[in-house]
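*Asks:* Single-letter residue listing:
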Amino acid sequence: MGLTITEKILSKHAGREVKAGELCIVSVDGCMATDTTAPLAIKSFKEMGGVSLHDKNKFHLIIDHAAPAPNERIANLHQLMREFADEQGANLFDIGSGICHQVMVDNRKVKPGDVFIGADSHTPTCGALNAFACGVGSTDLAAIMLTGKIWLKVPHTIKVKLNGTLPMNISGKDLALFVCKHLTISGATYQAVEYDGSAVQQLNLSQRMALCNMSAELGAKTGLVNPIGLKLPYSFSPVFADEKATYSKIIDLNVGNLKPQLAIPDSPDDVHEVMQFNGTKITYAFLGSCTNGRLDDLKTAAKILKGKHIAKGVRLVIAPASRQVLMDALADGTIQTLIAAGGTIINSGCGPCVGTHEGVPGDGEVVISSANRNFKGRMGNPNAKIYLGSPETVAMSALYGCITAP
Amino acid sequence: MIYGSTHIYGDNIDTDRIIAGKYTKTLDISSLATHVMEDLDPSFHKKFVKGDIIVAGDNFGCGSSREQAPMALKAVGVSCVISKFFARIFFRNAINIGLPVLEIPGHDIQEGDVLEIYFEQGKVFNKTKSKTYNATQLSGVMMNIVKEGGLVNYLKKYKTYQI
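Protein chains in written order, with this note's numbering: chain L, 3 to 408; chain B, 541 to 703.
It is possible that part of the hints are untrue.
[To be verified] Listed below are the simulated DMTMM-like cross-link pairs for lysine to aspartate or glutamate, each with C-alpha atoms no more than 20 Å apart in a straight line: (1) 697(B) / 49(L); (2) 562(B) / 365(L); (3) 45(L) / 568(B); (4) 387(L) / 581(B); (5) 251(L) / 198(L); (6) 387(L) / 578(B); (7) 183(L) / 598(B); (8) 696(B) / 57(L); (9) 378(L) / 581(B); (10) 562(B) / 268(L); (11) 590(B) / 656(B); (12) 699(B) / 49(L); (13) 183(L) / 551(B); (14) 378(L) / 579(B).
I should point out that these hints are in silico values taken from the structure, not numbers from a laboratory.
If you're wondering where the values come from, they're calculated on a predicted model, not measured in any experiment.
With the rest of the complex left out, here is chain L (with noise of 0.2 Å):
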């Protein structure tokens, strides 16, 4: 009998070993909470009688889901957070820094082994750093402020396989569309996914992150990636499996000819190949996210727009995901491309995903974004509909007004 890496992980911070089904109580290594978590977490941890938080170095506030401020209620919720961070010495990450997760990973926050709980639901972003990334609400936040531990259920994991050598036109996006189509939204509720394949050991970081990124549209407690092919910029020891660890489910994917992956409206598992929408009018695009905000994301998008200009009629948004990601772009040209094909580039930060400001669509519009969720009224507006695709997709889509394969 073996370990999952969950397994393996969630055994070290316990203390003891623990296999999928046990209670346990972890110690955590960095936990997080932004501008829509934070301040209910605050008030949570107050009336829990926390005075001062059990770590300040590893408590980390992100002002990131509405930034800069659109309103005085959501200023003044900023407000607070500026003065929970001062009153307690911790870390805040204010305007501009960028998306939460991408924020972790340019900073060092989180790193291989890890068990980092963010109070974000696609806090398993990070579990392409090797880590235990695990989402959580506001309360069990607060919780961890005040305790430095959260109590988990160890989960059962899904081994994903993606096997065969990735096509040029596929990123991890297209993945994670691909296992999404496979698994379902409640696919993997309450289960840990572990993504591993030749496919996937050809994935950088960043693919990796946008893989490991919507296993919350899977439901998952977290998603990792089997560390074989990780490159960090600093040495780590990577978690790997058992050879015999045991899985609840091994789902072995060909992902050699794949094609590119689009979700239509209303949900992220209703996934087909974008070329059967080939065509489909859009006036529209995101390019973003903690799902495709990234320095590569942006590269891609700009190799397919240099030179042109979008088409007549359609809005291209572009949100880099952190400070460090748009610094990078501009000192390579990328965003400079962007802009000139017709790209507004917006504040590093979540911006129209979450549908609070930068880009509300209007009425009976269609969006082609990068972003991971196409809810109904996801992006502020009830009567537009989201497809989702890899940013190569929204930058063809861009470019000629409709939905287009790359």
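Fit chain B to the known structure of chain L by using the hints.
*Replies:* What follows is chain B alone, placed relative to chain L:
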């Protein structure tokens, strides 16, 4: 005992449809009640009576980690949510804030059925159908959080987690 009439919703009701992202950034909990279920069921406020029960199919509360979703339901006066199974973050959030939630796999509850719910025992009696359902047992730690009325009270009392 919880007693009320039911409103039925389908599978995979996501948190965006329970409370849209544009309304979540607030500490004014009553304002959440105004917009709860807005994009899912525009007639919700017309038919909902305080104390009524929400009954769903699979995977209720999928999507975002926003605790505002169970808070909005609690604020409008939902007495209990029953689903065949819940999305995990929503389930934890609901228990943590003291909104009763029960998983009843394979239930056949229909719109307007009147239920008597014995939450801590995990028993539901459908008065309309004269039928009893057993809910999935909560884990020990969750039951203790329920008994204290939520995680805030639990930690006020115990200071740390106990399993």
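*Asks:* Does the structure break any of the earlier hints, and which numbers would those be?
*Replies:* none
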